[in-house]
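K.L.:
As a plain string of letters, each chain reads:
Number of protein chains: 2
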Amino acid sequence: MKIIIDAMGGDNAPQAQIEGAIRAVQELDIDVVFVGRSNVIAEELIKYDYPKDRVSVVNANDVITNHEEPAKAVRSKKNASIVVAANLLKNGGGDALLACGNTGAILAAGLLVVGRIKGLLRPALATLLPTAKGPKLLIDAGANTNCRAENLVQFGYMGNIYIKNVMDMKNPTVGIVSNGEEEGKGDELTKSAYPLMNQASFNFIGNIEGRDVMEGSCDVMVCDGFVGNVILKTIEGMGHVVGNMVKDMFMHSALTKIGGLLTTKGIKDFKKRMDYRSYGGAPLLGTKKPIIKGHGSSDATAVFNAAVQAKKFVETNVIEEIEKSINGGERNG
Amino acid sequence: MKIIIDAMGGDNAPQAQIEGAIRAVQELDIDVVFVGRSNVIAEELIKYDYPKDRVSVVNANDVITNHEEPAKAVRSKKNASIVVAANLLKNGGGDALLACGNTGAILAAGLLVVGRIKGLLRPALATLLPTAKGPKLLIDAGANTNCRAENLVQFGYMGNIYIKNVMDMKNPTVGIVSNGEEEGKGDELTKSAYPLMNQASFNFIGNIEGRDVMEGSCDVMVCDGFVGNVILKTIEGMGHVVGNMVKDMFMHSALTKIGGLLTTKGIKDFKKRMDYRSYGGAPLLGTKKPIIKGHGSSDATAVFNAAVQAKKFVETNVIEEIEKSINGGERNG
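Respectively, the protein sequence lines represent chains A and B.
Using my numbering, the first residue of the first sequence is number 3, and each one after it goes up by one.
Using my numbering, the first residue of the second sequence is number 3, and each one after it goes up by one.
Bound-form chain A, shown alone:
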């Protein structure tokens, strides 16, 4: 198996991308192709000891920054690393693509270069959240700002298959994020999606509320990309604020500082449980080939974990199953 890595995308690129991917080569029995400025990549690669036949480089001189209009940039910058990487994926130069750059550009490259699965209306970004009951999937986490009921149903199918296959979950529960649990609750979109979800072949449990998100009451949480983006970023922001508050808690006095030292092991565990990096990246679901969007601030550990996820994404035939369920799932309901 070969994973294509956009070596230029992300706050810590290319160092984190290369360190994480080399570790993946060493530990996961995979090959990688780095896409980006080959001289920059070569300079980084010198630092590592790795099986040379498993690592290759494809040159791409341009990058798409966070300030560019994604679809336009993907169309015009033919030599940008994400565009070259997406073309490589499309043409069989690798089995999956991992990228940590401009989210919009990754979505646009997935849609415009790699293309949608047949019958799939809109690809969606899915994110694993570290909830009280373990990792749960939020879909759409930001790809589609305005959605129709049919989109949400397809997000349900895709999320269901992804978490079932990649996270080894049996009969996952699927819910709609709404402003109340009862069937009648919701805005126009969620109310119209409810009866369609009810007829789908996955294990639909109805509406869930915001408070269920981090409680982990449901395995696959479906919403439009506007709401998903707001939820995800609210959680990120609160994680940051609470992290600082926990720090303050121990900086209160000499006594609490000693308390903090004694609690080191507990704090480590706390941080680990709140760490986005442990689940790797966010899969873009609905494209013809596997694409994983890594967090912009990914370090080498996050890149490695995203590679673990990408490997499982490929191995467990997520895309074939999505195609089948989209084009026949509703009839089996």
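In short, the hints are calculated from the structure, not lab data.
Keep in mind that this is a model prediction, so the values were computed, not measured.
It cannot be assumed that every hint is accurate.
Each pair may be met inside one copy or between any two copies, as identical chains are not told apart.
Mimicking SDA-like on lysine to any residue, the simulated pairs with C-alpha atoms at most 20 angstroms apart in a straight line are [as the list claims (entries may be wrong)]:
| id | residue 1 | residue 2 |
| --- | --- | --- |
| 1 | Lys80 | Ala302 |
| 2 | Lys273 | Thr303 |
| 3 | Lys326 | Asp214 |
| 4 | Lys273 | Asp250 |
| 5 | Lys249 | Lys274 |
| 6 | Lys274 | Glu322 |
| 7 | Lys193 | Gly136 |
| 8 | Lys135 | Lys249 |
Take the given structure of chain A and dock chain B to it, following the hints.
P.N.:
Then chain B, alone, in the frame of chain A:
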């Protein structure tokens, strides 16, 4: 000043309502009227020592539970405590109403019994959030599931005046909660609201993102009630989960338990900073008279703090200013 208290609404009613309100009578120089089953209220009141001439009771035999359809219940249950209390407010039997029961019923009583401010399209629920930069206002926190751009603009006016007057904030900043900071980002609603907000006479700073909510980047955060409900409950749920994780952090081993004991002061401070009770309740803005919705699980402290807020709501002429700004504010922009 006289505050009307729905003595029957809330998880800890009537004990918490009566204890908190009696403390308010003793400390805030206000009168209170309790509305509810007079025999039950009388039994509670016996426990306290208070100036008898400042406390009265209005009997109401019915209650509206959380399982009833709010508007229907408000229309049919003429003797429900929230309906009697709203009529009392409307007819000058008090200056403000504080209720901790069924949110929908409080909204319906506000709308159907007390009525909207002239020119105001839709009242909204506003909530003070304990952010990293102190209390900030989220509006609408759940009253209006489907909104138009004009509603968001009016929420901006109301939130601006409330936080300015009640929280003594000079020239508060107002932002739209969206899925990106740039002007072009957003769903149809937020994109159409942006130019209207830009023309308004308050200090509009553009879009904010989910991560800004708990960072406190903006004083008044405007959104529709669906998004507001999801944000609020996501924060509540995460607060609960993180609270448990902090507990686990100290329960890790004998050493971390001692760490916890040494950190007691810090933990107390942490809990206080995350405590919803310190800001009292959520004002319903846009009705002709002040209504405060207390949290369903309010204890006596939360009821007392909500009474502090209700008093300031009345004293600072929030409603008069809202009426003026709604009916002339846009011309001053």
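K.L.:
Checked against the structure, which of the hints given earlier come out wrong?
P.N.:
Numbers 1, 3, 6 and 7 - these are the hints that the structure violates, sorted from lowest upward.
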